[in-house]
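Residue numbers (our numbering), protein chains in the order written: chain A, 1 to 262; chain B, 1 to 269; chain C, 1 to 348.
It should be emphasised that the hints constitute simulated quantities derived from the structure, not laboratory data.
Every residue, glycine too, gets a C-beta built ideally from N, C-alpha and C.
Treat the hints with care, since some could be wrong.
Per the computed footprint, the stretches of chain B lying under chain C, defined by three or more beta-carbons under 8 Å from a beta-carbon of chain C, are [as the list claims (entries may be wrong)]: (1) 14 to 23; (2) 104 to 113.
No farther apart than 27 Å at their CA atoms in a straight line, the calculated lysine-lysine pairs in the DSS-like style are these [stated by the list, open to error]: (3) C:K285 to C:K267; (4) A:K254 to C:K166; (5) C:K312 to C:K283; (6) C:K232 to C:K116; (7) C:K166 to A:K86; (8) C:K232 to C:K202; (9) C:K267 to C:K290; (10) C:K267 to A:K86; (11) C:K312 to C:K285.
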Amino acid sequence: MAMSKYLDVFRFSVRDQTAYLPAFMARNLFFVVILFVFFSLWRVVFAESGVIAGFTIVQTLWYLTFTEAIELSRSSVLQTVQADVKDGTIAYDLTRPYSYVVFSLARGVGEAVAKLALVLVVGFVVATVFVGPLPGYFSALPFGVLVIFGGIVLNVLWHLVIALLAFWTEEVMPFHWILQKLVFILGGMFFPIEFFPDWLARIARVLPFAFSAYWPARTMVAFSFDGFLVAVVGQAIYIGVLLALALGIFALAKRRVHAHGG
Amino acid sequence: MRTVGRRRAFPVSLIGRYLRFNLAAAIEYRTAFLVQVFGMALNNSAFIFFWLILFERIGSDIRGYEFSDVMFVWAIVASGYGLAVVVMGNASQISRIVYTGELDVYLLQPKTVLPNVLFSRMVVSGIGDFLYGIVLFVATHPVTARNVALFVVFVALVATLMTAMRVLYHSLTFFFGNAEAFALTASDLAVSFVLYPGSIFRGPAVWLLHSLVPAALMGYIPVALFREFDPVRFGLLILADGAIVVIAIAAFHLGLRRYESGNRIGTRT
Amino acid sequence: MKPQHATSAVASAVSVRSLRKEFRTKQKLPGLGAAFRSLVHPSIRTITAVDGVSFEVERGEILAFIGPNGAGKSTTIKLLTGILYPDSGEVRVLGLDPHRERRALAYRIGTVFGQKSQLWFHLPPSDSFSLLAGIYDIDRERAKRRIEFLTEVFGIGDLLTTPVRKLSLGQRIRCEIAASLLHEPEILFLDEPTIGLDVVVKERIRDLIRTVNREDGVTVFLTSHDAGDIEKICRRVMVVNHGRIVWNGSVNEMKYTLLNRRIVSLKLEAPLVFSMEGVEIVKSKGYAAKLEVDLTRVTIESVVSTLLRENKIVDISIAAPPLEEIIASIYGRTEAPVDGEQTTDGDE
Chain A
1 MAMSKYLDVF RFSVRDQTAY LPAFMARNLF FVVILFVFFS LWRVVFAESG
51 VIAGFTIVQT LWYLTFTEAI ELSRSSVLQT VQADVKDGTI AYDLTRPYSY
101 VVFSLARGVG EAVAKLALVL VVGFVVATVF VGPLPGYFSA LPFGVLVIFG
151 GIVLNVLWHL VIALLAFWTE EVMPFHWILQ KLVFILGGMF FPIEFFPDWL
201 ARIARVLPFA FSAYWPARTM VAFSFDGFLV AVVGQAIYIG VLLALALGIF
251 ALAKRRVHAH GG
Chain B
1 MRTVGRRRAF PVSLIGRYLR FNLAAAIEYR TAFLVQVFGM ALNNSAFIFF
51 WLILFERIGS DIRGYEFSDV MFVWAIVASG YGLAVVVMGN ASQISRIVYT
101 GELDVYLLQP KTVLPNVLFS RMVVSGIGDF LYGIVLFVAT HPVTARNVAL
151 FVVFVALVAT LMTAMRVLYH SLTFFFGNAE AFALTASDLA VSFVLYPGSI
201 FRGPAVWLLH SLVPAALMGY IPVALFREFD PVRFGLLILA DGAIVVIAIA
251 AFHLGLRRYE SGNRIGTRT
Chain C
1 MKPQHATSAV ASAVSVRSLR KEFRTKQKLP GLGAAFRSLV HPSIRTITAV
51 DGVSFEVERG EILAFIGPNG AGKSTTIKLL TGILYPDSGE VRVLGLDPHR
101 ERRALAYRIG TVFGQKSQLW FHLPPSDSFS LLAGIYDIDR ERAKRRIEFL
151 TEVFGIGDLL TTPVRKLSLG QRIRCEIAAS LLHEPEILFL DEPTIGLDVV
201 VKERIRDLIR TVNREDGVTV FLTSHDAGDI EKICRRVMVV NHGRIVWNGS
251 VNEMKYTLLN RRIVSLKLEA PLVFSMEGVE IVKSKGYAAK LEVDLTRVTI
301 ESVVSTLLRE NKIVDISIAA PPLEEIIASI YGRTEAPVDG EQTTDGDE
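Next comes chain A alone, as it looks inside the complex (with noise of 0.2 Å):
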């Protein structure tokens, strides 16, 4: 079957993570401390006022809580794929019977899942100890994996377009910089979109940025049905979008590793 191996790709790539024991752990310090750092100065926010745009402190430090675990759970498909491009190795993969782009994509979602994972844990003791459990966690928990799942996706789709540009132009970082404040804030990454004045969350909360980070951790904190379909239907249509694009981007550039020769 032509999915199973993208699923091995998959499996292996998880597996693969727990060889980085050093990056493991100074990516969940660093996402201990980052939780610390929004909790004081939110609780410092909240003391003047109970409720911000009908969200109280436990919600939002849990909102939090996801959206940073999605952004540092970030693939290093930027990196690999990037660095394929760059060093001609891609043209190896041309030849190879498997679509380059599903492949990245599988391997990239392998890695972010297996970080993420842990990650999740770590954030659930360090948000429980800072403001205690958040109400409606477990009920939440089934469709609240379904799209952080899809927010993780979407974010390696990001990736590998952006890494495709290396075809065209030598540096792609600032693409990519560009991509993370976009979700930093119009994704609603800082804080939830109900805290921008009303023109501006009505713009962002369909934006594709507001599916890797808002609506997922929007899904956990504040529950609601229609919210979650919201947040599936969205997920869903981008990635088809996304994925399109890079398969599309890799389509041309395949023609222009020809024209070149390889």
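Using the hints provided, position chains B and C relative to the given structure of chain A.
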């Protein structure tokens, strides 16, 4: 006998040479150079947006910090970081330079090792940060002689301190194998702390922020001094910065004795 | 400043006494559990990379320093150039202590370490040259003349303005060697200068090394795997294995006395008829034959006279075995110490 110029351990003119060479190498890739510089500036703007919305939403200060205070910290940290990585861009590469054995090249040259390492590489995107900080400062504060003087002094101190911190963290690679992941995270952490109002932290965290993760020295104390200058406190700040610099240099030199000059290929982490 | 040759009272370029260097490496065990355990309680293994080595190098010599991977050659060269601190023993290079007087020594030695380039990857060599001139405090006029001279000798005129990343390996090495000679060093240390090069380029590099030695009187200390490098450039060779020097003498001496074997090649009028204690017939096919003589058991004289008596010989030649074979056999003769393989200094 051959004629040679004066032999100094590390002449200042060499810094100028390194800057010129790095710039020349960067300009080889003109588009990438410009994209990097502007990408960085754009990058930083996102955070300003965050603070604008937050202050707008809560409609007051955050435990004594006004929007303009946060912007002052941002300005000195952005420019200070930019200055540090443009002039001494190799600080964050020390782990890699040590574990790949690239340090050999510096040890074979007749110049003091640490400055020769630090000054020989420029992170081009730092130019964007450096300029960004200046623009931010001018946009959010009145340009008076006093303000400009303090801004310049604090930018220089932030740059020095950031470099010293990186040297210290990365020197651990001499002792514990590849400490790159740790050093990168530790450096990021200090920057993460400094970009938030110092007043939100209480308890043991405050001590940490004055020592191992010296965010207070980079941001909180400068912003307080900027609001109201106090020569004694300023003197203490200089002393504390100096102490960290001395510790960093000592750590690097102790490490050098244990340098093994391997040819290991860096692995992805 | 001291005049350049004030130290010429010191006869040797390099003098090493009982030099020792150990490395401690953390053992990496497979598995996540082991990785955690080693964080708390790392298992450390000590490896002796250089084990009490002593030798001298005269000024003006060309010396080859050879040995298998991990034998300690790179470690030794790094101890001589001030990169590594020795654990014990004494090193003097041009009368200086390499790590205590590292900077003073750096002005007087040149180094080419294959994978650790002095040249800036994205810039043309001419830029790197002028940066190096700054680092070595060579004044502008002097540097200009020196660069012109080296450009001519090394034939790198048209390479000077090409970014290093676009040069071939051979072109790059030529530029590297030129760069290392910019400050007129008295000793040149070369680590595997011809590795990965094709035959023609290898010859060219060897020529250049000989020229530098002959014209400028530069002492050359090189490590190599290539028997050709040693045969064609060097007069003296030191073989190191397991951190010890196992042979130190002239290349010719090594060829003729070290191995008590000779290869006798014959052309005959009729197939060979011959048998003798201590002589092995390596090949005998039609009218040609090859014998290997063990000189510990039989003299070459008796072998040849017996051959002449019993056969009609058209042509005869007597030679030492090829250098590569000799080197391989030296490596083979020295047993590995008990603590296992030595991999720390990672020559490759």
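Hint-by-hint comparison with the structure:
| no. | hint | verdict |
| --- | --- | --- |
| 1 | 14 to 23 | holds (count 4) |
| 2 | 104 to 113 | holds (count 8) |
| 3 | C:K285 to C:K267 | holds, 10 Å |
| 4 | A:K254 to C:K166 | holds, 24 Å |
| 5 | C:K312 to C:K283 | holds, 17 Å |
| 6 | C:K232 to C:K116 | holds, 25 Å |
| 7 | C:K166 to A:K86 | holds, 15 Å |
| 8 | C:K232 to C:K202 | holds, 11 Å |
| 9 | C:K267 to C:K290 | holds, 9 Å |
| 10 | C:K267 to A:K86 | violated, 59 Å |
| 11 | C:K312 to C:K285 | holds, 15 Å |
In this structure, only the earlier hint numbered 10 is contradicted, and the remaining ones agree with it.
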